[in-house]
Amino acid sequence: MTLSVKSDALESGASQGRSARSLALKLLWRDWRSGELNILIAALMVAVTTVTSIGLFSDRIRNSIQDEAGSLLAADAQIRSRSAIPISAELRQQAESAGLATADIVTFQAMSFGNNDALQLSAVKAVSPEYPLKGELVIADQPFGEGRSVQTGPPPGEAWIISRLFLSLGVDIGDTIGVGDANLRVTAALITEPDEAGSFFDFNPRVMINTADVEQTGAVQLGSRARYRLLLGGDVESFKAQVEDGLRPDYRWADVRDANEGVTSALDRAESFLLLAGSLGVMLAGVALALASRRYASRQLSHVALLKTLGLTPNAIARLYAGNLLILGVITVFAGLVLGWVLHWAFLELASGLLPRELEPAGWRPLWIGLLTGLVCLMAFAFPPVWVLRQVPPAKVLRSELEGGTLSQRAVVAIGAVAVIGLVWFYSGDVLLTAALLGGGLIALAGVSLMAAVLIRVVRRYGSRLGTTWRLGLSNLQRHSRQNAFQIMVFSIALMLLFILTLLRSSLIGEWQQQLPEGAPNHFAFNIFEDEISGFQGILDANNVQREPLYPMIRGRLTEVNDEALSDRLDRLQPSGDDFRRELNLTWSDTLADDNAVVDGDWWEPGDAERNLISVEQDFAEQLEIGLGDELTFTIGGQRVDVTVNSIRTVQWDSLAPNFYVIFSGPILDGAGAAYITSFYLDADQKPLLAELLRQHPTVSVIEVDAIIKQIQDIVGQVTVAVEFILGLVLVAGFIVLLASVQATLDVRLVESAILRTLGARAALVRGGLWIEFASLGALAGLLGALGAELALAYFQTEMLNLSWTPHPLLWVTGPVLGGVVIGVIGVVSTRRVIKVPPMVVLRSV
Amino acid sequence: MIETRKLKQEVTSGEGALVILKGIDMAIYAGESVAIVGVSGSGKSTLLGMLAGLDRPSSGEVFLAGTEITALDEEQRALLRGKQVGFVFQNFQLLPSLTALENVMLPLEVKGAKEPQVRAAQWLERVGLAGRATHYPLQLSGGEQQRVAVARAFASEAPILFADEPTGNLDSRTGEKVADLLFSLNRESGTTLVLVTHDPKLAARCDRQLEMEDGTLREVALA
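First to last, the sequence lines map onto chains A and B. Everything in the first sequence is counted per my numbering, starting at 1 for the first residue and increasing by one. Everything in the second sequence is counted per my numbering, starting at 1001 for the first residue and increasing by one.
The shape of chain B in the complex, shown without the other chains (with noise of 0.2 angstroms):
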């Protein structure tokens, strides 16, 4: 499903080259939880921001549901996103001025779905907002907050979902409620998860960790 081949990234900064990610060759099949872990500032964002598709490699290519889109431009790569990508973010990233259904329907008004009202509504409720359609961001809780990203990401029904620290910003038993919903609609949906997160019980819960460290990755030996 993720592909990526001989992947670096190096930024120059006033003290030189900075190599971040060192030629990194992974996959990821289609259904498969992944957790990539690793200690701050190891290129975990870096990583995923690449197989999203959401920056560029300075070399390498990477491979998403079958395009390679190091060779698309930014148009193509927004079109492939907006079929095959959902997100969840660690800040949630929620438009501060449209209501909780509003922000659920933005994937699917983007996409130009039909009933986005009513399919929006649906997500709604599956993480038990349904009460909570026309508040605004700020007058949520960070775990309502986290619940209607969690919605917006599957309201696309797009087949591979990238999350960043999602539990990242909450505090540990809201955490785990959202990491629930997060894993329960994972598996119903059948979507690929990627996950980055450098909390050890939220990876234990995906099929394979890959770490992070020093710009290289490696596969997690599961006990």
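Extracted from the complex, chain A is given alone in its bound form (with noise of 0.2 angstroms):
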């Protein structure tokens, strides 16, 4: 008997199938006519839209900094010998057959002649035709006359020479000058290179030639020290790939992150930031979309239990519900897919003017991104109080209170959790972040879950005393106390991060504006000898130009690590960064800059100036391995000189003011052959003050910066920008979580406002209670949100965005307020219906 109704089984359950897939549907319909889905669709649209905008919008902030970048190094990468050997013309070649745009350049020193004998050592760049691959050059046809941009550099026989020279060469536009052995004629005024970044302290000034005269001049011979550069413009990841490993010793890759350490460090905060902000946006829409769905599944229970008494079997359900959520779900991802496009789509045209000009166009990535953030938000969140409804017992038609068929809030965590973490790291691949993350949220989920039921107890105690109204609320509070403990917690992690977003916005925006803000120096001035220092100092002073201290400066090879030769040391420990051969702008200073701080060890103390000490730059110290109390050994104008690290100092770089890797605690070789450095900021109306500057002193070198930092500005307001977007998307993100989290204890709601109005309780009576319960669950909710926000900000800023620990007291305050107001609003407008609703309706249909 048993046998026969196993293999009617297997008939019965497969025309089942069929037509119980026409009823899914109908179900699914109805349910979201009448608004059941809502807040499920709404959740699952929002994660989506959310990642899918965040990712095209950093996609094309990222791509435009990067071209921007790109600029400051005249292309999208470049290929440099360390020695004076032309690049190999089969590496050339390769870049061409890989499709990439080329360009040369070869810098050297030569001796330029102008008029009445006058003569100057200066820097040379010849570049090929095709230069400059991305940025642009700017000259003028008079000396310190307005520029205009040209694509290309000068032809052969022309030389292009900055506005200084043409005065100490004593020369006009149209004369011949002589550079090494070749006669050339200037035709324009340099007034900037995109690529002038790397040569901030080529001491002689600029003359730009063509390539194919640099064979005429003869300055560039075997053995001398002339520098070869191949720029690259086009799809430079991939050709790096493909040739990096292979690179010969003597080459260097340096690409957009090697241009410039202002542009580069901007662009790490941002992409973290963003990074973080994009997996907050879905972890909040996670947890909004894990609440519809087991509302949605809990208010299908019964349901499903007379489904199962009509005949339809568990694995019936499971196919009917499974699939509705799929197909619901598809069409919600590829909605919310579009809606992110056109999201960030219409934020970039409103944005529009605040950005300083068309951003380049995003890749595909973003699109998947959003399609696999979709998708797993729907298995990991949605999935699974819907999946276990196959395990409703269908004797629930008849005892209601029967349990079963829903997931308990452990195993929704668990498989929650999961899925960000799994999401993070594919955001991120960043293991640690990850790590971080997971650690963070376990101990916020424990401790933020205990003390929300604490809390819960002690304002039940002593909020009691207030009232009817007040031990009504504060009942409800401790009534559903599990639940309440968990709506806390879900509240609490949405304010949290709500405030670490809007914290680390403004101290990160804060942040960047500070390290450039008005008045910084745009200009450097050195080759300042000491005769020299009143006069220069008295015309910057005498028209009021904001200036930086004057610096001491020598230049010094360093030779010897405790006892060990430098090129020993480079081949042992092979460092990244800088070329260390070269030699060093060294200074010395009895004040330790703003922009500085010591890290290790002590700055001098009196009696130090003749003990020869030195202070270090960290990342110098790192690359080579120096710590304090190593002996240093350097060359400074051909004689010895043995030095102690007494410490270790971090230095802003983007602060524009003259800084130093190495700072000696006394005058170097008693200050003979040093000469001062300084920078000053000019306006645009104060630009004549340079010529006038320059013909007192002919022989101090300036270079003008002001281009450099514009283009640093322009990157900042456009990180500005994302930033706010995607902090508008979180917080809507959160919006919806809150909904979601109201949503989600309606039901039980009505029944006991229905029940009280039934027993004579006044309307305003049951609103107040909602009042009070909403707004102290969202008080206390505040309350952790900012305990966590402090804690979670304090590693961010410490850990990962390497700024100082600030902490926040008005948070204290805000929060339990906000907290309060935010959710007792949310949390009375949406339950409403609780006051509305007949008594009659809700307890027939219950």
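By construction, these hints were calculated from the structure, which means they are not laboratory data. Where hints are given, some of them may not hold.
[Stated by the list, open to error] What follows is a set of in silico ranges between Cβ atoms, one per label pair, in the way DEER data are often shown:
1) ARG299(A) - GLU1157(B): 24 to 34 angstroms
2) ARG33(A) - THR1012(B): 40 to 50 angstroms
3) LEU1018(B) - VAL418(A): 31 to 41 angstroms
4) ARG33(A) - GLU1157(B): 28 to 38 angstroms
5) ASP1207(B) - ARG399(A): 19 to 29 angstroms
Note that the structure is predicted; figures quoted are calculated from it, not measured. Here a beta-carbon is modelled for each residue, glycine too, at the ideal position from N, C-alpha and C.
Build the complex from these two chains, which are given one at a time in their own frames, with help from the hints.
What follows is the structure, given as structure tokens:
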């Protein structure tokens, strides 16, 4: 008998599958029309939309920033030769056959000859006609004149020289100068080169010529100190992967990240932030989705039991609901992708005034990430509560108190946590960040739910003395204390994320703007000799020019560390960063500049000036594994100088004040041969002052960095816009979480309120009770959120963003108040049905 | 048609084990109408759940239409229910998102029957609600909702019908009308009817009455 039922079951199961599908679609359609699925759809949509639009937006910002930063290299990447040998033709061919654009730069020192036997050692830069591949070259028809941008360097036979060289050579536009052995006609004043950031400290004035004229100068010969660069434009990443390992040891790959410290660190911070914000947005949406799905499933329990009594098998139930969810999910995910695209587009349209220029297009990756996020959220957050509906006991139709077919909160949290961790890992590819999030998350969950339970008890005990309405509200809070502890946990995490994002945003933007405040130095002056100091300072001060102190500067080479020759040490350590063999700019000073901070050891004490001590910049020290007490040997002006490391320092390179890897405690070689350096700020109106300054001090070298500063400021502007956009999206996600979690308790509240009103409670009492319940819930969540945010911020600021920790006292006030008000309002507004629906309707439908 | 052997049900709560059914042996034959009566909490509904295969006993056996349902898994029991059993519940148990007609179509669709809409409409007509086919449950009165539920129970054309306090949520006049309908349709279709109630008037309309008391079942001698 049993056997025949089994074979019967197979046959009947198949026909159940077909007819159940049309029933399923009918139920899905009805549930959708009744608004039952609204929160679920909205949450999933927000997850996908957030990730997609953040992805598209940050992809475009990143592409644009890289493009912008690329102009600092005049290319997307450079291959630099450290030896005086031209870059091999083979490498150039490889690059060209990989579809890259190429250009050449050769730099060398040569004597320039002007009128009346004037001569000046100059830094010659010979460029091929393709230069620059990125960014713009600005020249003027007169020295110190108004610039115009051009797309190529000088043609053969011509030279472009910087404005002050006109003065020192005594020439005008149209005159012929000698560059080494070549005679070239000066046809323009060189105002800016896109890639001049790397040549801040080329002491000698720039002469730009065509590569075709290099040979004629006779200045580049075997053994001369010429440097060769191959500029690459296009998709350099794949080419890098292709050639990097086989690159000759004297070649160095340089790309956007190396181009400028300031840009790179801003970019890195922006990336960390966007990544963080994106993950948090998804987490919030995930919580909302899980809550909405749980509520949907719990409202289906009695229906499932009924369908089971009518003969629908557990497998058919699972197929019915899972199938419905899949259909709904796929439609929603695609809608979310479209909405994400539209939203990022609309935002860019709105913000177009704030952005310096049209952004670069995004790739496909953000859409794939959005799709994957949607499917993972669907599977991890929405699916589990619906999947276990198959376990609903059919006898629930007779006794509604029967349990089964619901997931425990623990299981929900566990599945969600795995998904979130997986997603963060996928977005970031960063195990450390993922682990930090996991650890922090677990501690937060445990801590918050414990504290929530304690707080509910405390508030109940003391708050109940305040009157009937309070007693009602707070007893509500206590009565569902397990559920409310869970809700406080959800709210406090949402609020915590909100606080973190708001504060990180303002501290990040503040930090960036602080680094380049209005009036940050935009000109460097060096080669100022001792007897010129007072005259030079006098001109600046007379014109109210803001300036940094003057630092003595002398060039020297590091030759030994603890008696180990530098070349041996470099071979052993293979440091990645700078070229440590080159001459370093050394200084001495008795005061520590504002943008420097000692992280190890001590700054000078009185009497140290005579002791040959040095302070070393942190990265420099790390690369060469230099520590406190190490003995370093420099060769300065042909003399050997032995010094001891007394402190390690951090330097804020993007402050644009003069800064040094190595600072001596007292005058180097008694101050002989030192020239001074400073930086100062000139606005556009003060620009003519430069000509006067150079006319009176023709040997002083001035570098104008205002163009670079503008670039950095533009980038900060873009990043700011991105951050605000993302904050907005995460707020929407947070809002949906609040709605979803309030909705989750709506059914119970309807019944309770109906009973109260049947017993004669006035609507005002019920409403007052709800206010107190939600507002205290929100205030508790706000308090915990503030605590969590303070802890998380301390970690992110110090560990991830390399900023210093600052407490946020205001947060502890605004947190609870904001939580109380926002959650109070959302709670009461979204439960207004509780008061409006006649009690009879509620009690009848139970 | 329905038979139990040593049917026991125990639940463990905080205060120890509670025995709800103390080894019940009974038999109900095809075409009979049987009322299970008893005070609230005597275990009537629990017994009904066991007989209909909605729940599993702690021990003992239940045979339904010749199959030992206590030996089947939930998947197989569901299929058996779909073929053999119809239900009428105290609180109607209509799906609020479906119309009256669609609610009656449910068991037909679950079984994969042909032309479910035509057959469901015929049953609605037989319970006198042809004009209410497109109404949703909340738009119907309690009596009308229960008549839809009765139509749904008979639409599946199952040989056994279980009714759990079918008039419990209705006023006495409406309840009487629903009961009339239930018994007349039962006679016409020749189904076996098992009815749980504490309404003596309703119980009196059945062929047999079984009384649950303290976890045991005894036959009530009819006057």
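Using the Cβ atoms, figure out if ASP1207(B) sits within 19 to 29 angstroms of ARG399(A). holds, 27 angstroms
Holds or violated: the 28 to 38 angstroms window for the beta-carbon distance between ARG33(A) and GLU1157(B)? holds, 31 angstroms
Starting from the range 31 to 41 angstroms, see whether the pair LEU1018(B) and VAL418(A) falls in it by beta-carbon distance. holds, 39 angstroms
Could you tell me whether the CB distance from ARG299(A) to GLU1157(B) stays inside 24 to 34 angstroms? The hinted range 24 to 34 angstroms holds for ARG299(A) and GLU1157(B), with Cβ atoms some 30 angstroms apart.
For the hint 40 to 50 angstroms, verify it against the beta carbon of ARG33(A) and that of THR1012(B). holds, 44 angstroms
The structure fails none of the hints (numbered hints given earlier).
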